[in-house]
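Line order of the protein sequences matches chains X and C. Here the first sequence is numbered in our numbering, starting from 1 and rising by one per residue. Here the second sequence is numbered in our numbering, starting from 1001 and rising by one per residue.
Wrong hints could be hidden among the right ones.
What the hints assert, rightly or not - Derived lysine-lysine pairs resembling PhoX-like cross-links, with alpha carbons at most 20 angstroms apart:
id, chain 1, residue 1, chain 2, residue 2
1, C, LYS1021, C, LYS1074
2, C, LYS1188, C, LYS1125
3, X, LYS117, C, LYS1203
4, X, LYS129, C, LYS1020
5, X, LYS27, X, LYS37
6, X, LYS280, X, LYS249
7, C, LYS1050, C, LYS1013
8, C, LYS1074, C, LYS1040
9, C, LYS1197, X, LYS129
10, C, LYS1050, C, LYS1021
11, C, LYS1080, C, LYS1020
12, C, LYS1020, C, LYS1065
13, X, LYS218, X, LYS129
14, X, LYS129, C, LYS1196
15, C, LYS1196, X, LYS183
16, X, LYS228, C, LYS1080
Hints listed in this document are in silico derivations from the structure and should not be mistaken for laboratory results. Being a predicted model, the structure only gives us computed values, none of them experimental.
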Amino acid sequence: MGFREALDSGRFVVTAEVGPVKGTETKELLEDAELIKEKVDAINVTDLQSSVMRLGSMAVCHLLVDHGVDPVFQMTCRDRNRLALQSDLLSAWVLGVRNVLALTGDHPTLGDHPDAKPVFDLDSVSLLKVIGRLNEGFDMAGNELKGSPDFLPGAVVNPGADNEAALEMQIIKMEKKIEAGAKFFQTQGIFDLDLFERFMKRVEGFRVPVLGGIILLKSAGMARFMNKNVAGVFVPEPLIKEMEATKDKVRTSVGIAAHLVKGMKDLCRGVHIMAIGWEKRVPMVLEEAGL
Amino acid sequence: MVVAEIKPFEEIKNSIREFKKVLLVGCGTCVTVCLSGGRKQVELLASALKMSRNLEGDEVIIGEKVLPRQCDPKFVDMIKDEAGQYEAVLSMGCGAGVQGIADIITDIPVLPALNTTFIGMADEKGRYLEVCAACGNCILAETGGICPVARCAKGLIHGPCGGSQRGLCEVSKDNPCVWQMIYERLVKLNKVDFLKKMSRQRKIPVRPRRLVREEPKPKKEPTKGA
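With the rest of the complex left out, here is chain C:
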């Protein structure tokens, strides 16, 4: 999933300071799962913002909505009319969600309440870990299902640097050396020879990337008289 975290409260508050009516929109997918932009977080942020502005004698009206997916125009269309009553939209979606809304609601500012961090997953300790770099050139078949592009600090694809100590990464001692994890997995799978063979050039994507889904072509109507 896309993992995101809520921006510092003061930053969010400052970003809507000039507005009296703001529509706060959560998202029901990734950011709900990682507990940063779902219904609960929308409720909490809305009341915190209202309370804080009240204390300053500068009341603000905050509308609350949660869309199933902000990155899908058909859901954003559902709030298009309602948004007309507000001066700004504050999105608790990921970067794609904010832009999904801004693409359709173009006459008022659409502001981010989250910092989108990475594509990741939760571990058993309740931490979220980056695991995919969305590089567009998946090598997981050769690396035992563990990605060095995303999980090695240097994104190395020919094996580890010489910097790990006691199995930990030189950059952050909180992280295991991912190449050590890959090696151990490949030993278990009896596929260490993958490491010896692996020889690739890292591909750096040209942004923005685009993916065109090829739809099956509609069958041609038989021409009359043929």
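Looking at chain X on its own, in the form it has when it is part of the complex:
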């Protein structure tokens, strides 16, 4: 069953995520994918995450297709203008990619080539519209395509925006993304289920599946770093203390993630697990969460 069918089935859906390395090494990434592919409905492949130059998302998505995985092609607007974005979408389709996650993308100044020209010709909302147009058989300029894709477009939302104005704007933008064709949402990492529940109440009328984001904590330091530097991620102090006190970081991290997954079962349509290098532990999380 592919990702689209899993969403349509109405059951609780699980996606994971892999990040290509800087270079041509794909062995470990493919091993990780092999290990988790039976447990998840799709695997996202990040697009030069954190604006760091790496192996591309499209090529890795294609490799995943060959390994029997239904990939979610993450596509940012940072590095390509509308010609390249549309062309890459067509290319991804002929390489077997069926799901696209449309993102604005981090600014290049945050990455390892800070002088790179930021493109942002389109943004997440207009990219979603373009995907819809391609699906209908037309490019952005209205020209007819000879053979067209049938992508499942998705988008992201950040339920943990740290002030009222920021959260309101996230919700307004979420509505615009839905209007532009988003058929599913994956969220930023959630650590506070109460906060997430309030967010889900706000957006329940939108009737678009939301997959709650789960980040595997590797250490207390990582949690503190994210609290300070990653927008929308807030790890509550008790969880940081738990990671600090533990003798078995993996065990504790998996326990925290599994608790969050369980909590989300009643709140949203699925989870999106960002293991950030700990992909091999994803099956443990799911098992402990009873999935």
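Assemble chain C onto chain X, guided by the hints.
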């Protein structure tokens, strides 16, 4: 206004190293206001250059002029003859000013003493902020008079990215997230629905742009005998 800053002194000095007579020209408009190319800055730069070259035993003569506007040919014409006595012009105008002079004074080099940075305004803290991208497609009516094209690091026009923290931009913590400012202004104006409706495609200008002012056509002389 156009905001500019004076280039590093060594760079300016190196750019005129081969010349013995240089005409230093300030500009009386934007760069006077932002304190980078007005009369005061012309005086200071001229004396600094002379002193520095003197110390090296390599004297230089620096003429000083300030034009009301370097980007207007009728003012540049005022220094055309005088420039003939010099080996180079060093302009303290913006990029348009330097080129305004170079368009008319074509037989000697015209060199920039400023880096032109942006279209902006001063805030109360004495800082200059970029506020207009001169995109040619003004959306300020929909964004509460605050421009996201110029003031969002990504130039986003459909609302904020997810990167702001504590109301600050992910790119520079010195800058507030402009979308947060827009949102707050629209709440105050009771126009938040603008954000929901707004749907545009960003237009990227094709350079160089040109604007033709349509002059009213002169009335036709009535034809004799008509």
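So, going through the hints one by one against the coordinates:
no.: 1; hint: C/LYS1021 <-> C/LYS1074; verdict: violated (24 angstroms)
no.: 2; hint: C/LYS1188 <-> C/LYS1125; verdict: violated (24 angstroms)
no.: 3; hint: X/LYS117 <-> C/LYS1203; verdict: holds (17 angstroms)
no.: 4; hint: X/LYS129 <-> C/LYS1020; verdict: violated (61 angstroms)
no.: 5; hint: X/LYS27 <-> X/LYS37; verdict: holds (15 angstroms)
no.: 6; hint: X/LYS280 <-> X/LYS249; verdict: holds (14 angstroms)
no.: 7; hint: C/LYS1050 <-> C/LYS1013; verdict: holds (10 angstroms)
no.: 8; hint: C/LYS1074 <-> C/LYS1040; verdict: violated (23 angstroms)
no.: 9; hint: C/LYS1197 <-> X/LYS129; verdict: holds (15 angstroms)
no.: 10; hint: C/LYS1050 <-> C/LYS1021; verdict: holds (11 angstroms)
no.: 11; hint: C/LYS1080 <-> C/LYS1020; verdict: holds (19 angstroms)
no.: 12; hint: C/LYS1020 <-> C/LYS1065; verdict: holds (17 angstroms)
no.: 13; hint: X/LYS218 <-> X/LYS129; verdict: violated (37 angstroms)
no.: 14; hint: X/LYS129 <-> C/LYS1196; verdict: holds (15 angstroms)
no.: 15; hint: C/LYS1196 <-> X/LYS183; verdict: holds (19 angstroms)
no.: 16; hint: X/LYS228 <-> C/LYS1080; verdict: violated (59 angstroms)
The structure fails hints 1, 2, 4, 8, 13, 16 (numbered hints given earlier, in ascending order).
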